[in-house]
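Taken in order, these protein sequences are the chains called U and G.
By this note's numbering, the letter at position 319 of the first sequence is numbered 319, and the numbering carries on one by one without gaps.
By this note's numbering, the letter at position 15 of the second sequence is numbered 15, and the numbering carries on one by one without gaps.
Hints may contain errors.
[Said to hold, decoys possible] Using C-beta positions, here's what the derived DEER-type ranges look like:
1) U/Y15 x G/V51: 18 to 28 Å
2) G/T59 x U/R141: 44 to 54 Å
3) U/T257 x G/P39: 37 to 47 Å
4) G/L16 x U/T257: 15 to 25 Å
5) G/L16 x U/R158: 37 to 47 Å
[What the hints assert, rightly or not] Facing chain G, a subset of chain U residues (Cβ under 10 Å, in silico):
6) K5
7) Y15
8) S18
9) W20
10) D24
11) L27
12) V29
13) R33
14) F34
15) R35
16) Y38
17) N78
18) S88
19) V270
Because the hints were derived from the structure by calculation, they are not lab data.
Every value quoted in this text rests on a predicted model; they were computed, and no experiment measured them.
The beta carbon of each residue, even a glycine, is placed where N, CA and C say it ideally should be.
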Amino acid sequence: MSYRKLPGHRRGLLYSASLWLAPDHILAVKSLRFREEYQRFYLRDIQAIVVATRPRFHLSTRAGAIGALWLAVLIALNRAPWVPALLSAAAIALVLAWFYVSYARSCSCRIYTAVSRAELPSIYRTWTARRFLAELEPLIRQVQGVLPADWAERIEDRPIGPQPKAAPLPAGGSIAPAAAPAARSRTPASDIFVASLLGGAALQFFALHSMTRFVEWIWYALAFIEIAGAVAIFVQYHRGILRVGIERLAIAALILTGVLYYVRQILAGVAMGNRTALPDFAMLAAFPGSLMLRQVNAGISLVLGLVGVALALIPESDTP
Amino acid sequence: MLYDSMALILPLVSLLVYPLTLIAAPASLVLSTVAWSRPLSLVRPNRWRFVAAILISLTEICLWTLGIVYLLSGRFREAR
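Okay, chain U solo, but in the shape it has when bound (with noise of 0.2 Å):
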C-alpha cells in the first residue's frame, strides 16, 4: 500500500511523528528512531478532528540546526568586528520570533473515532492545522457525505469519543472513588526554579564584563537554587503534582548546566595550563572563549526562564 504524506511533522531529537495518507485511512507514525508505531484512522469512522490553538514550546531538529549554524558562524567569524553585534541581533530576533509561534500560532490537535481518542503530534502549528484540515476534509465527506445544514444543532446531544464505562458498584455499597487531584502547572519549588533561571540570565547579562569574585559567588548560589528545585520539580512531578512541561525544562536546564560546568572546566584547563583543580575566574574571565560562553549561557537561560514563565502562565486546563 503506497502511502502519501499529510502536512505536519513533529521532528524531534529521538523522537518523530508525521501523519500519512492512504485511500481509504490515515496512517499516524510515531517513530522512536529506531522503532515505528503506527495507529490507523479510517476515514469512515473519524467522528471528529479537535484543533485548540494552546502555547508549544517545541524545539525540533531544524530549530537545532540553525543554532548551530549561529554558532558555526559564530566561531568562524568572531575576530570581525560587527559580527557580534550583528549576530546578538540575529539572535534575539531569532529567539523571539521562536517564542512568538511557539506562545501564539500553536496548537493541538486530536482525532476522535466511536472508540478512541488520539492526540496528533505532528500538527502543532495553526498554519499546519489549516492545510491538514483543507486536506483531509473532503475527502472525509467524500466517505461519510455532507452534514446537514442544522448540523450543529443536531449534533448537540450526541457525544464523541469514546464514552466512559460506568464504574462498577462496589458490593453492598456506593461510594464512588474519590477522584485524583489534577496535575498543576505552577508550585512554589517551580517559581522558585524559574526566577533563579532568569535570575542567573539577568546576572550574567549585566556582569558580562565585570565579573567579580562576589557576582561569582551569586551564580554558584542562583546555580545551587536551580538544581535544588529541579529536584523538588522531579520528584513533584513523580507523585502527580506537576505537569510534564516544567518537568522537561528543568531536564533541559540540568542538561545545560552540566555542560556548561564542562566546557568551562576545559576552558579553565586550557587558560590555566592544568596547574590547579578549582578554575581562578578572573584568568577565566580573560580567556577569549569565556566571554562567549557566558552570552551563550546568559541567553540559554533567558530562553529556558521565559518558557518557564510561559508554562506557568497556561491555564491548568489547557495542558495535558
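For chain U, the structure is supplied; the task is to place chain G on it using the hints.
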C-alpha cells in the same frame, strides 16, 4: 525495529569516539547484510539507508586497514 536506521547511525555516531568505528563499522556491515530482507518502515519502503550504511562502513574499514598497514610497514622498515 528499523534495522536500516540502526545500520546507518551506528558507523556515523561512532565517529564521535573514532576508535569505536573499529567495531561499529564491521557491525554495521554485518547488520546491513543480515537484515537486508527484513521488513522496512511502512511509509518509506526503500533501502537507501542500508546502501549508505554499507558504503560508510566499507570506507571506515578501508581507512582502518590502510592505517594499520601503514603503521606495520613503518615498524618493519625501522626494524631493518
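Outcome of the hint check:
1. Against the hinted window of 18 to 28 Å, the Cβ-Cβ separation of U/Y15 and G/V51 comes to about 26 Å, which satisfies the hint.
2. Look at G/T59 against U/R141: about 53 Å separates their beta carbons, and that is inside 44 to 54 Å.
3. At roughly 43 Å, the beta carbons of U/T257 and G/P39 sit within the given window of 37 to 47 Å.
4. Take G/L16 and U/T257: their Cβ atoms lie about 22 Å apart, and the range 15 to 25 Å holds.
5. A beta carbon spacing of about 56 Å between G/L16 and U/R158 contradicts the range 37 to 47 Å that was offered as a hint.
6. Restraint check, U/K5 versus chain G: the minimum CB separation of about 8 Å is within 10 Å; hint holds.
7. Hint status for U/Y15: violated, given a least beta-carbon distance of 13 Å to chain G, over 10 Å.
8. A hinted interface residue such as U/S18 counts as satisfied when its beta carbon comes closer than 10 Å to some beta carbon of chain G; here the least separation is about 7 Å, so the hint holds.
9. Below 10 Å, beta-carbon pairs count as interface contacts, and U/W20 has one with chain G at about 5 Å; its hint therefore holds.
10. With a cut of 10 Å, the hint placing U/D24 at the interface with chain G is violated, because the nearest CB-to-CB distance is about 15 Å.
11. Annotation: U/L27 was flagged as interfacial toward chain G, and the flag holds, the nearest CB pair being 7 Å apart, inside 10 Å.
12. Given the 10 Å rule on beta carbons, the hint for U/V29 holds: about 6 Å separates it from the nearest Cβ of chain G.
13. Because the smallest distance between the Cβ of U/R33 and any Cβ of chain G comes to about 7 Å, under 10 Å, the interface hint for this residue holds.
14. Proximity of U/F34 to chain G holds as hinted, the smallest CB-CB distance being about 5 Å (cut-off 10 Å).
15. Taking 10 Å as the C-beta cut-off, the interface hint given for U/R35 holds, the closest approach to chain G being about 6 Å.
16. About 6 Å separates the beta-carbon of U/Y38 from the nearest beta-carbon of chain G, less than 10 Å, and the hint is met.
17. Annotation: interface hint on U/N78 violated; nearest CB of chain G at approximately 24 Å, more than 10 Å.
18. Violation of the interface hint for U/S88 is found here, the shortest Cβ-Cβ separation to chain G being roughly 30 Å, above the 10 Å cut-off.
19. Given the 10 Å rule on beta carbons, the hint for U/V270 is violated: about 21 Å separates it from the nearest Cβ of chain G.
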